[in-house]
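S.K.: These are the residues of each chain, in order.
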Amino acid sequence: MKAGVIVFPGSNCDHDAWYAVNENLHGGAEFIWHDSTNLGDVDAVILPGGFSYGDYLRCGAIARFSPVMQAVKKFAADGGLVLGICNGFQILVEAGLLPGALLRNGELKFICREVRLRTETTASPFTSKLQEGRILRVPIAHGEGRYFADDRTLDELESDDRVAFRYVENPNGSARSIAGILNRERNVMGMMPHPERACDPLMGSTDGLAVFESMLAATLSFAPVLAQ
Amino acid sequence: MTITPELIEQHQLTTAEYDKIVTLLGREPSYTELGIFSVMWSEHCSYKSSRIHLKKLPTTGKYVVQGPGENAGIIGIGGGWVIAFKIESHNHPSYIEPFQGAATGVGGILRDIFTMGARPIAVMDSLRFGPIAGASESAHNRRIVAGVVSGIAHYGNCFGVPTVGGECIFEDCYSANPLVNVFALGVCKENEIFFARASGIGNPVIYVGAKTGRDGIHGASMASAEFTEESKQKRPNVQVGDPFLEKLLLEACIEAMKTGAIVAIQDMGAAGLTSSSCEMGSRGGVGIDIDLDLVPQRETGMTAYEMLLSESQERMLLVAERGREEEVFRVFRKWGLDAVTIGIVTPDGNLRVRHLGQVVAEIPNPALADEAPRYNRPHDVKPHRRPPLDRPANLPQSTDLSADLLRLVAAPDLCSKRWIWEQYDYMVRTNTIVGPGSDAAVVRIKETDTSIAMSLDGNGRYCYLDPREGAKLAVAECCRNLATTGAVPVAATNNLNFGNPERPEIMAQLVEAVEGIAEACAFFETPITGGNVSLYNETLGEGIYPTPVLGVIGLMKTAMPAPVQFAREGADLLLLGGFGECDDRRFGATEYAKVILGQLWGLPPQLDMDYEKRVHDAIRALIGAGLIESAHDLSDGGLAVALSECCTSDIGAKVTIPPTERTDLALFGEAPSRILITVTDAGRAREIAAKYGVACPAIGATMKGRLQIGDDSQMLIDVRTSDLKQAFETSLPRLLQAQHD
Chain A
1 MKAGVIVFPG SNCDHDAWYA VNENLHGGAE FIWHDSTNLG DVDAVILPGG
51 FSYGDYLRCG AIARFSPVMQ AVKKFAADGG LVLGICNGFQ ILVEAGLLPG
101 ALLRNGELKF ICREVRLRTE TTASPFTSKL QEGRILRVPI AHGEGRYFAD
151 DRTLDELESD DRVAFRYVEN PNGSARSIAG ILNRERNVMG MMPHPERACD
201 PLMGSTDGLA VFESMLAATL SFAPVLAQ
Chain B
1 MTITPELIEQ HQLTTAEYDK IVTLLGREPS YTELGIFSVM WSEHCSYKSS
51 RIHLKKLPTT GKYVVQGPGE NAGIIGIGGG WVIAFKIESH NHPSYIEPFQ
101 GAATGVGGIL RDIFTMGARP IAVMDSLRFG PIAGASESAH NRRIVAGVVS
151 GIAHYGNCFG VPTVGGECIF EDCYSANPLV NVFALGVCKE NEIFFARASG
201 IGNPVIYVGA KTGRDGIHGA SMASAEFTEE SKQKRPNVQV GDPFLEKLLL
251 EACIEAMKTG AIVAIQDMGA AGLTSSSCEM GSRGGVGIDI DLDLVPQRET
301 GMTAYEMLLS ESQERMLLVA ERGREEEVFR VFRKWGLDAV TIGIVTPDGN
351 LRVRHLGQVV AEIPNPALAD EAPRYNRPHD VKPHRRPPLD RPANLPQSTD
401 LSADLLRLVA APDLCSKRWI WEQYDYMVRT NTIVGPGSDA AVVRIKETDT
451 SIAMSLDGNG RYCYLDPREG AKLAVAECCR NLATTGAVPV AATNNLNFGN
501 PERPEIMAQL VEAVEGIAEA CAFFETPITG GNVSLYNETL GEGIYPTPVL
551 GVIGLMKTAM PAPVQFAREG ADLLLLGGFG ECDDRRFGAT EYAKVILGQL
601 WGLPPQLDMD YEKRVHDAIR ALIGAGLIES AHDLSDGGLA VALSECCTSD
651 IGAKVTIPPT ERTDLALFGE APSRILITVT DAGRAREIAA KYGVACPAIG
701 ATMKGRLQIG DDSQMLIDVR TSDLKQAFET SLPRLLQAQH D
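Taken in order, these protein sequences are the chains called A and B. Number 228 marks the last residue of the first sequence (our numbering); no jumps. Number 741 marks the last residue of the second sequence (our numbering); no jumps.
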């Protein structure tokens with residue numbers, strides 16, 4: 001798998017995603033600068049955590065207009081895998097690639113802690129290596145991670161089996177404890193927790209690796225199709 | 001403008017200092033020049049009261065690549081990699097404007113690190129506040145706590161550096177003088193270190209980063225005076241931080257350094273453009289000629305005085321190789337930052353400043369940087385202290401030690417600081433092997449198989465009772481924290497927080513503490529490679545406890561250390577170092593005396609440095625032998641509190657202590673040189689301890705659900721681990737929540 005890690009000027013988990021894919025997964029990752037209009041020949045895109053353009057306005061509100069996001073939208077529309085982590089999730093929501101919004105945490109404070117996530121679906125290229133109901137230990141680190149959407153959208157997410165992960169103990173007041181969701185086509189996933197921080201025994205958990213392993217498997221099975 | 005005695009006084013210069021300025025210049029200074037001298041000769045920038053004593057500190061050692069005198073100290077960690085680290089205070093601004101004061105404190109120390117070419121990979125904070133429980137004044141303190149913590153979080157989280165540890169203590173004396181000391185550590189290759197030494201006559205001097213505004217003017221002088229009722233009016237002296245801009249500056253600087261076109265670089269911290277210019281010039285033995293008209297400005301109509309003294313954040317000054325400016329500019333353009341040539345390196349050794357076509361200041365660089373006054377301030381008196389030496393009569397005897405213990409673990413000093421550290425991203429960069437809430441933080445260096453262990457410690461109560469011994473105890477505790485994770489301490493940084501040095505009894509505290517640090521750092525082979533002095537921590541004549549804060553770093557092979565918490569039931573529990581000595585006098589410095597008895601008296605715990613070091617060697621040997629299942633060093637609150645901290649999972653312990661008349665001293669005395677361990681093989685563990693001449697009594701075993709401590713005849717303490725955990729974890733949020741009631 002060749003994953004393109006998008007680098008906004010304020011991305012600060014870009015190296016972590018790069019390291020998880022290259023060193024923990026033994027896949028391939030490269031950086032893509034935010035003013036690129038071309039993603040090259042990547043098989044998957046990762047929008048990492050951080051503060052894209054400072055995010056003093058609303059997280060991701062400016063990033064959605066960046067040149068690279070136009071390319072990411074096209075990539076997603078063509079069926080490419082796009083994973084947004086934390087700030088990346090916020091950007092995907094702002095860009096309209098995923099529904100809903102991410103609001104200030106319930107207690108209005110930044111929260112950094114390891115949380116437990118329940119795997120809600122394995123029917124996606126990001127979760128196929130997991131088992132439904134499997135509990136993962138993965139860290140969160142965000143100030144604006146409270147997932148919000150209207151009831152109709154939430155109902156739809158649930159009936160379409162598009163909730164990827166839920167918090168076992170809801171840390172931030174997210175609607176229906178949602179931690180990660182898929183788009184309708186299931187090739188775009190956003191999640192607030194950081195799977196790239198849970199890929200190495202020295203970090204206390206390797207539960208996040210399954211997300212990247214799933215992506216790797218998906219791109220391997222996908223590649224021959226593209227080649228034809 | 002004519003220089004009047006009033007103007008000189010406003011600039012916090014004495015008549016003698018002013019006369020020295022006239023002598024150095026050979027003429028009267030201009031108003032602008034007076035401003036420049038006032039900041040460069042301020043206590044904050046010149047260390048004029050402390051410098052002669054700081055010379056007593058050990059600064060060299062086999063790991064030291066760069067000692068004090070640069071923006072940060074540097075030590076080698078092998079394989080061609082080095083670590084840059086330092087601690088710095090932002091006490092005064094954090095009192096006036098807690099959020100921005102603390103935020104820019106983080107920003108300042110981060111720049112000190114990446115100025116050296118090192119990417120910051122860890123931050124820790126040592127915080128001191130006034131009491132947060134009860135009375136009306138505490139509402140103000142709670143606001144300061146909330147502001148400081150969110151300020152640190154705001155800056156560090158956005159910048160992308162993990163805040164991996166620290167300490168936080170509450171005392172009356174910090175009510176109007178909170179302390180915010182920020183430690184930062186970065187990593188780079190040894191052959192990619194940058195220094196702040198200008199060189200190459202004719203080389204361009206380039207300004208990069210944020211535009212200059214009127215914020216922070218005279219911040220350095222503000223930090224060099226006591227606070228009065230009028231200090232609130234100094235709020236405009238506090239700068240405003242922009243962590244996103246700092247992140248851009250970091251990336252741009254590191255990238256620009258890789259071009260090879262940069263000769264020297266220095267951040268604009270205290271005294272901004274002035275100090276960065278004259279210090280780079282002075283270190284390189286050259287002159288710097290700058291034109292203020294070229295400086296990127298955020299506001300119009302700024303005077304030369306304002307521009308030179310502005311402490312606008314997120315700015316750097318660098319010297320590039322002539323002809324290669326464009327290589328530098330290209331990088332900064334990529335990151336959307338200003339980069340402008342504002343001057344040139346000259347041969348004459350002067351700082352020359354032009355504004356609107358006129359030379360507005362011309363001062364020999366050494367006059368500013370090296371000729372600042374140095375005072376051997378009177379200190380031939382006993383260090384200031386009020387508490388009695390002996391235990392006050394008629395103190396109540398405890399009737400319920402279990403209740404005392406639950407109160408202690410819920411006390412602000414001892415309770416879990418989770419409410420604070422969960423607001424910090426302590427994992428970003430995926431290097432944090434051990435984060436906040438442990439004895440020492442451990443951060444791996446991915447490019448090597450080495451990890452860095454680090455610990456901050458300072459105990460104002462100990463130092464108030466005996467500055468020399470208190471300072472030694474802080475060094476010892478840091479080294480013990482590191483040893484408990486298996487690391488070898490290699491170097492240190494210190495932040496000396498004291499009151500008004502013009503009072504001999506305060507100066508005596510400073511001198512005693514520095515000498516104590518010097519003795520202990522020499523003994524533990526942890527040379528001081530840099531640091532910070534913060535004086536005048538007084539409000540309306542009331543000073544803080546003398547509070548030297550030590551930051552010690554150690555090296556270890558990358559591995560997951562044993563946890564603090566008990567790992568399983570039925571494990572043998574040993575007290576490496578033994579029960580220690582405590583008497584009534586030494587009990588007066590303890591948290592028990594503070595929290596349960598509401599008193600302070602006597603002397604700090606007695607430290608035998610030789611024994612302490614053997615305890616460190618012993619624990620490292622035990623870890624090396626693979627015997628350790630959990631390890632936690634004893635400190636504030638003594639044996640009973642340390643045991644409680646090991647019980648925060650569901651596993652407790654049954655502990656037996658030797659019979660004694662004074663169970664309070666045995667349970668809550670704070671004798672150093674002790675580490676609680678659970679081991680796989682108690683016999684072998686005790687053999688190893690014996691080889692180092694260290695006592696290692698078996699004191700019990702772990703068990704599920706309860707902490708029971710008794711002697712042969714009776715049960716002294718019997719509490720559920722769930723109650724301990726509840727008291728420990730819920731206390732701080734509950735106390736701080738009162739803010740909203």
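Check the hints yourself; a few may be wrong.
[As the list claims (entries may be wrong)] Keeping only pairs whose Cα atoms sit at most 35 Å apart, straight-line, the calculated DSBU-like set for lysine-lysine is:
hint: 1; chain 1: B; residue 1: K55; chain 2: A; residue 2: K129
hint: 2; chain 1: A; residue 1: K73; chain 2: B; residue 2: K258
hint: 3; chain 1: B; residue 1: K189; chain 2: A; residue 2: K73
hint: 4; chain 1: A; residue 1: K109; chain 2: B; residue 2: K62
hint: 5; chain 1: A; residue 1: K2; chain 2: B; residue 2: K62
hint: 6; chain 1: A; residue 1: K2; chain 2: B; residue 2: K417
hint: 7; chain 1: B; residue 1: K334; chain 2: B; residue 2: K62
hint: 8; chain 1: B; residue 1: K62; chain 2: A; residue 2: K73
hint: 9; chain 1: A; residue 1: K129; chain 2: B; residue 2: K62
hint: 10; chain 1: B; residue 1: K557; chain 2: A; residue 2: K74
[Said to hold, decoys possible] With the Cβ distance kept under 10 Å, some of the chain A side facing chain B (calculated, not the full set):
hint: 11; residue: P9
hint: 12; residue: Y19
hint: 13; residue: H26
hint: 14; residue: G27
hint: 15; residue: G28
hint: 16; residue: E30
hint: 17; residue: Y53
hint: 18; residue: P67
hint: 19; residue: A71
hint: 20; residue: A149
hint: 21; residue: E196
hint: 22; residue: P201
hint: 23; residue: M203
hint: 24; residue: G204
hint: 25; residue: T206
[Unchecked claim] Just the calculated beta-carbon pair ranges, DEER-fashion:
hint: 26; chain 1: B; residue 1: R720; chain 2: A; residue 2: R176; range: 45 to 55 Å
hint: 27; chain 1: A; residue 1: Y56; chain 2: B; residue 2: E192; range: 42 to 52 Å
hint: 28; chain 1: B; residue 1: G323; chain 2: A; residue 2: N38; range: 26 to 36 Å
hint: 29; chain 1: B; residue 1: K557; chain 2: A; residue 2: Q70; range: 42 to 52 Å
hint: 30; chain 1: A; residue 1: R134; chain 2: B; residue 2: A625; range: 48 to 58 Å
Hint data in this document are derived by calculation from the structure and do not stem from the laboratory. Quantities reported herein were computed from a predicted structural model and do not represent experimental measurements. Cβ atoms here follow ideal geometry from the backbone N, Cα and C, with glycine treated the same way.
S.K.: Are the hints correct? Go through all of them and say.
M.R.: Here is what the structure says about each hint:
no. : hint                           : in the structure
1   : B:K55 with A:K129              : violated (61 Å)
2   : A:K73 with B:K258              : holds (34 Å)
3   : B:K189 with A:K73              : violated (39 Å)
4   : A:K109 with B:K62              : violated (44 Å)
5   : A:K2 with B:K62                : violated (44 Å)
6   : A:K2 with B:K417               : violated (42 Å)
7   : B:K334 with B:K62              : violated (40 Å)
8   : B:K62 with A:K73               : violated (55 Å)
9   : A:K129 with B:K62              : violated (50 Å)
10  : B:K557 with A:K74              : violated (46 Å)
11  : P9                             : holds (6 Å)
12  : Y19                            : holds (6 Å)
13  : H26                            : violated (15 Å)
14  : G27                            : violated (16 Å)
15  : G28                            : violated (18 Å)
16  : E30                            : violated (17 Å)
17  : Y53                            : holds (7 Å)
18  : P67                            : violated (14 Å)
19  : A71                            : violated (19 Å)
20  : A149                           : violated (26 Å)
21  : E196                           : holds (7 Å)
22  : P201                           : holds (7 Å)
23  : M203                           : holds (6 Å)
24  : G204                           : holds (8 Å)
25  : T206                           : violated (12 Å)
26  : B:R720 with A:R176: 45 to 55 Å : violated (35 Å)
27  : A:Y56 with B:E192: 42 to 52 Å  : violated (32 Å)
28  : B:G323 with A:N38: 26 to 36 Å  : holds (34 Å)
29  : B:K557 with A:Q70: 42 to 52 Å  : holds (47 Å)
30  : A:R134 with B:A625: 48 to 58 Å : violated (37 Å)
Against the hints set out earlier in the document, violations occur for numbers 1, 3, 4, 5, 6, 7, 8, 9, 10, 13, 14, 15, 16, 18, 19, 20, 25, 26, 27 and 30.
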